[in-house]
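For the protein sequence lines, the chains are A and W, in the order given.
Taking the numbering used here as reference, the numbering of the first sequence is continuous, increasing by one, and the terminal residue is 204.
Taking the numbering used here as reference, the numbering of the second sequence is continuous, increasing by one, and the terminal residue is 246.
Hint data in this document are derived by calculation from the structure and do not stem from the laboratory.
Heads up, the beta-carbon is just placed ideally off N, CA and C, and yes, glycines get one too.
Hints may be right or wrong, so weigh each one.
Covered by chain W, per the in silico footprint, the following chain A stretches (three or more residues, Cβ under 8 Å) [unchecked claim]:
| no. | stretch |
| --- | --- |
| 1 | 21 to 30 |
| 2 | 44 to 58 |
| 3 | 88 to 99 |
| 4 | 130 to 144 |
| 5 | 185 to 191 |
The following label-pair restraints were derived from C-beta to C-beta distances [said to hold, decoys possible]:
| no. | chain 1 | residue 1 | chain 2 | residue 2 | range |
| --- | --- | --- | --- | --- | --- |
| 6 | A | G184 | W | L59 | 17 to 25 Å |
| 7 | A | P95 | W | N216 | 34 to 42 Å |
| 8 | A | D161 | W | G156 | 46 to 54 Å |
| 9 | A | H171 | W | D136 | 41 to 49 Å |
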Amino acid sequence: MVQQLGFLKETPSQTAGPYVHIGCTPNFSGIAGVYESDLGIAMVNDKTLGERITIRGRVFDGTGTPLRDALLEIWQADSNGLYNSPSELRGAADPNFTGWGRCPTDMETGEFVFETIRPGQVPYKDGRLMAPHVTVWIVARGINIGLQTRIYFDDQKAANDQDPILMRIEHKNRVNTLIAKRDGSAYLFDIHLQGDKETIFFDV
Amino acid sequence: MSNIKPETGAFFQRDRQWHPPAYAPDYKTSVVRSPQRALLSFDNTLSEITGPVFGHSILGELDNDLIHNFAKPGESAIGQRIIVHGRVIDERGKGVAGALLEFWQANAGGRYRHKREGYVAALDPNFGGCGRTITDDEGYYRFRTVKPGAYPWPNGVNDWRPAHIHFSVFGHGFAQRLITQMYFEGDPMIWNCPIVRSIPDKAAIEQLVAGLDMNNTIPMDARAYKFDIVLRGRRSTLFENRMEGN
Ligand SMILES: [Fe+3]
Chain A
1 MVQQLGFLKE
11 TPSQTAGPYV
21 HIGCTPNFSG
31 IAGVYESDLG
41 IAMVNDKTLG
51 ERITIRGRVF
61 DGTGTPLRDA
71 LLEIWQADSN
81 GLYNSPSELR
91 GAADPNFTGW
101 GRCPTDMETG
111 EFVFETIRPG
121 QVPYKDGRLM
131 APHVTVWIVA
141 RGINIGLQTR
151 IYFDDQKAAN
161 DQDPILMRIE
171 HKNRVNTLIA
181 KRDGSAYLFD
191 IHLQGDKETI
201 FFDV
Chain W
1 MSNIKPETGA
11 FFQRDRQWHP
21 PAYAPDYKTS
31 VVRSPQRALL
41 SFDNTLSEIT
51 GPVFGHSILG
61 ELDNDLIHNF
71 AKPGESAIGQ
81 RIIVHGRVID
91 ERGKGVAGAL
101 LEFWQANAGG
111 RYRHKREGYV
121 AALDPNFGGC
131 GRTITDDEGY
141 YRFRTVKPGA
151 YPWPNGVNDW
161 RPAHIHFSVF
171 GHGFAQRLIT
181 QMYFEGDPMI
191 WNCPIVRSIP
201 DKAAIEQLVA
211 GLDMNNTIPM
221 DARAYKFDIV
231 LRGRRSTLFE
241 NRMEGN
């Protein structure tokens, strides 16, 4: 016998189900008056530093149908590359930028939209800079454990080419599934759960 | 939160055998919504080690009381009154302070308040079905609600969900983000449910079943169920690779 390590097991995930909006965005789902407003609907205010950007897109299932019952959350650094988190020890992030946003996909079109700012660069653990990116987390009916991925930007090619995470992707023809494309005044980032265009999801 | 020293280590690798696989064909919706390629695995970076935290100031007085937070003044939701309480801890057994929990559920008859919901059971005009709370300095939480009913859903011809409460949990890092469901001790429907059965290990399923806790009932008022939630643990940063130039 040896001493027991004594670690617990993480609580298993279960699908968010079709009614995730009741719990996470009740005002959006038509339940008014319980919370003043839904959490995560505004990431910026008029004092937020940095370049305003819009990221929009849809989440497609394996048949090419957009999900109209999904919920997306994003998490990103401020314009100086600092996270608004107690675990951020490198400095104080912009107090006018939460870094966290939440958006249900539109119940008709399936579109999500985030009004945010362009993130600064954040160092990888060896000190190299990661390219500007936004972490994405997707839950919905039929998704048994939240899917995590990243949004990079197509106009940051030099930084993307040096990004430690993008560089470790073996199949280079899939890297573009993580890169949002400039589309007018917004960035377009469609997510594909399955198929030829399947987005790269992370185990991190 | 102010007296708690922030931790900055990477999280333990997630045991994906313990969680349900993305593709669970008996849960039909998962068939076209499950990624089929290998996930890209890498150790946490700052983008996963950090995460949003929420202050108690976001909470309204009735946010943790589903019996009253949607009810007309002086009225209350119909159903078996229960307290759900427990502790959010991590895989090391440490309490997770300041964790935001959001929960949602059907009413006592099994009906959700949602425009897409088609079950014939009646809406309760005094029940909204959502609530939230934030754990205290040691990770404890509690809220009051009515016990949700079981409900049928279009999957098999005659599939019913066991009574359950959905939970969304934020820890201290975005890599701890979790959505799950709590079930109730003694419910025979648990073991028939294709969503429950997407979890391969019986012990993992049992981790989602809250125990009836008669010690924490309120006599003549509400029974209690105890539901502890475990989030990913963090490595110590003592011997982590140093950043270049440090
Ligand atoms: Fe449900």
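**8 Å C-beta criterion, at least three residues: is the stretch 130 to 144 of chain A covered by chain W** = holds (count 10)
**Asked** Could one say that the CB atoms of A:D161 and W:G156 fall in the range 46 to 54 Å?
**Response** Holds, since A:D161 and W:G156 (Cβ atoms, about 50 Å apart) stay within the stated range.
**Asked** Mind checking, does the stretch 21 to 30 of chain A have 3 or more residues with a CB under 8 Å from chain W?
**Response** holds (count 7)
**Message:** Taking 34 to 42 Å as the stated bounds, is the beta-carbon spacing between A:P95 and W:N216 within them?
**Reply:** holds (39 Å)
**Prompt:** Do three or more residues of the stretch 185 to 191 of chain A come closer than 8 Å to chain W, measuring C-beta to C-beta?
**Reply:** Contact hint for the stretch 185 to 191 of chain A vs chain W: violated, 0 residues under 8 Å.
**Message:** Against the range 17 to 25 Å, how does the distance between the Cβ atoms of A:G184 and W:L59 compare: consistent or not?
**Reply:** violated (39 Å)
**Item:** Verdict on chain W covering the stretch 88 to 99 of chain A, criterion of 3 CB contacts below 8 Å
**Value:** Held - the stretch 88 to 99 of chain A has 4 residues with a Cβ nearer than 8 Å to chain W, which meets the minimum of three.
**Check of the stretch 44 to 58 of chain A against chain W for coverage (Cβ-Cβ below 8 Å, three residues minimum)** = violated (count 0)
**Item:** Verdict for A:H171, W:D136 (Cβ pair) under range 41 to 49 Å
**Value:** Taking Cβ atoms as reference, A:H171 and W:D136 lie about 47 Å apart, which means the hint holds.
Of the numbered hints listed earlier, those contradicted by the structure are 2, 5 and 6.
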